[in-house]
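2 protein chains.
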Amino acid sequence: MPDSFAVSDRTRVVREANRAVYDREAIYKILDEGFVCHVGFSAEGQPFVIPTMFARVGDAIYFHGSAASRMLRGAGGGLPVCITVTLVDSIVAGRSGFGMSMDYRSVVIFAKAEKITDFDEKERIVAAFVEDIMPGHKVRPPKRKEIAATVFLRFPLSEASAKIRDHGVMDPEEDHALEGWAGVVPLKLTAGTPRNCSDLGPDIPTPEYAKNYRR
Amino acid sequence: MPDSFAVSDRTRVVREANRAVYDREAIYKILDEGFVCHVGFSAEGQPFVIPTMFARVGDAIYFHGSAASRMLRGAGGGLPVCITVTLVDSIVAGRSGFGMSMDYRSVVIFAKAEKITDFDEKERIVAAFVEDIMPGHKVRPPKRKEIAATVFLRFPLSEASAKIRDHGVMDPEEDHALEGWAGVVPLKLTAGTPRNCSDLGPDIPTPEYAKNYRR
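Protein sequence lines correspond, in order, to chains Y and X. No gaps in the numbering here: position 122 of the first sequence is 1148 in this note's numbering, and each next residue is one more. No gaps in the numbering here: position 84 of the second sequence is 1110 in this note's numbering, and each next residue is one more.
So here's chain Y without its partners, still in its complex pose (with noise of 0.2 angstroms):
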């Protein structure tokens, strides 16, 4: 794979020029660094968003879930999709309205979904999903029928682009003088403490993988 990705008429960032990123390690950091995508699709003219995880595994990330989710049936149908994946890093106050903006690093990706068929293949896919969502914890291998029963849908990352915004506050020069404070407001996800899952087995502890939890 190349390491940029090439610009096309969608992924090119028309605003802003300067906060676009074509490439290709910039992007996928962004994207492990997210577990939750916007999923876009339209259904008879009428887009839908709908929040899912996902997880990257080399050059295409993918998800799961129900046959009978509407998501999964309408971005499964090979139908292009938007793929948008949003990570916030602070709020930016200026000192008026329209210098209050935030510091944030998007992916957007455009694909076609392709189901996966292959039983070997959903598996791994399983267990990089695992990896991708808590690193380091372990799980039983998952049954025939629950496989069965979960649509699997990649999609190729070979048309995606990134926007970062990093500068903080951008109030005008003018502005500089106004007695009113500006600056950033940094924000994180952060992990708290682990809750044990009501039915865990007394002699079961809490793993340091969970405790130390971050993205």
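Keep in mind that the hints were calculated from the coordinates and are not lab data. Take these hints with a grain of salt, some might be off.
Note: identical chains are not told apart, hence a pair may lie in one copy or across any two.
[What the hints assert, rightly or not] No more than 27 angstroms apart at the CA atoms, straight line, and that leaves these computed lysine-lysine pairs for DSSO-like: (1) LYS1055 <-> LYS1214; (2) LYS1237 <-> LYS1171; (3) LYS1237 <-> LYS1214; (4) LYS1214 <-> LYS1189; (5) LYS1138 <-> LYS1164; (6) LYS1169 <-> LYS1055; (7) LYS1055 <-> LYS1171; (8) LYS1138 <-> LYS1237; (9) LYS1237 <-> LYS1055; (10) LYS1171 <-> LYS1214.
Based on these hints, arrange chain X on the given structure of chain Y.
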């Protein structure tokens, strides 16, 4: 406005209908904790999903941006959009791959954009936006040319539903005897220490509302 949203074909939660919420107050609470939405619209059959900051004011949500933005042009033409706000509350780690999930609250809104043309209303929206994003923050009034260069869109909240997953691990009973850990890791978007704008005057203190920022 009625206390609950009427359920439409689009807002009916199909999968896991027990997680569906149509109550207006519950939906507004999620919208008010959030400040980033994902806006979905279609352009020539191709869906786009773009993150943007929003504010709820009364029975509508609002956002604004440059008149050159593809998203605002797309959403602003009276096209049907889907706007989704997602708050992630925890990572759920079950005893199998299919037991990996998240507890979350999300709102899905279907609406057509209404372009705001009235200057006074635009001013009110800018002020409401500041107060929504960073309560207590005081800014200078918007300038006439800034307002003119900005597209303001209103999305009436008349067709919306929420989905709340809050029950943690949902492993099948036969998995409870397994040796592995299962539980949830709570996640929260937390604010760090504010950073003053580098152009800030030396005598302007960092305000308490920034130091104690929380959603």
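The hints, checked one at a time:
no. : hint                : result
1   : LYS1055 <-> LYS1214 : both (16 angstroms within a copy, 21 angstroms between copies)
2   : LYS1237 <-> LYS1171 : neither (32 angstroms within a copy, 52 angstroms between copies)
3   : LYS1237 <-> LYS1214 : both (17 angstroms within a copy, 15 angstroms between copies)
4   : LYS1214 <-> LYS1189 : both (18 angstroms within a copy, 24 angstroms between copies)
5   : LYS1138 <-> LYS1164 : neither (31 angstroms within a copy, 46 angstroms between copies)
6   : LYS1169 <-> LYS1055 : neither (32 angstroms within a copy, 39 angstroms between copies)
7   : LYS1055 <-> LYS1171 : neither (34 angstroms within a copy, 39 angstroms between copies)
8   : LYS1138 <-> LYS1237 : neither (38 angstroms within a copy, 44 angstroms between copies)
9   : LYS1237 <-> LYS1055 : within (23 angstroms within a copy, 29 angstroms between copies)
10  : LYS1171 <-> LYS1214 : neither (38 angstroms within a copy, 35 angstroms between copies)
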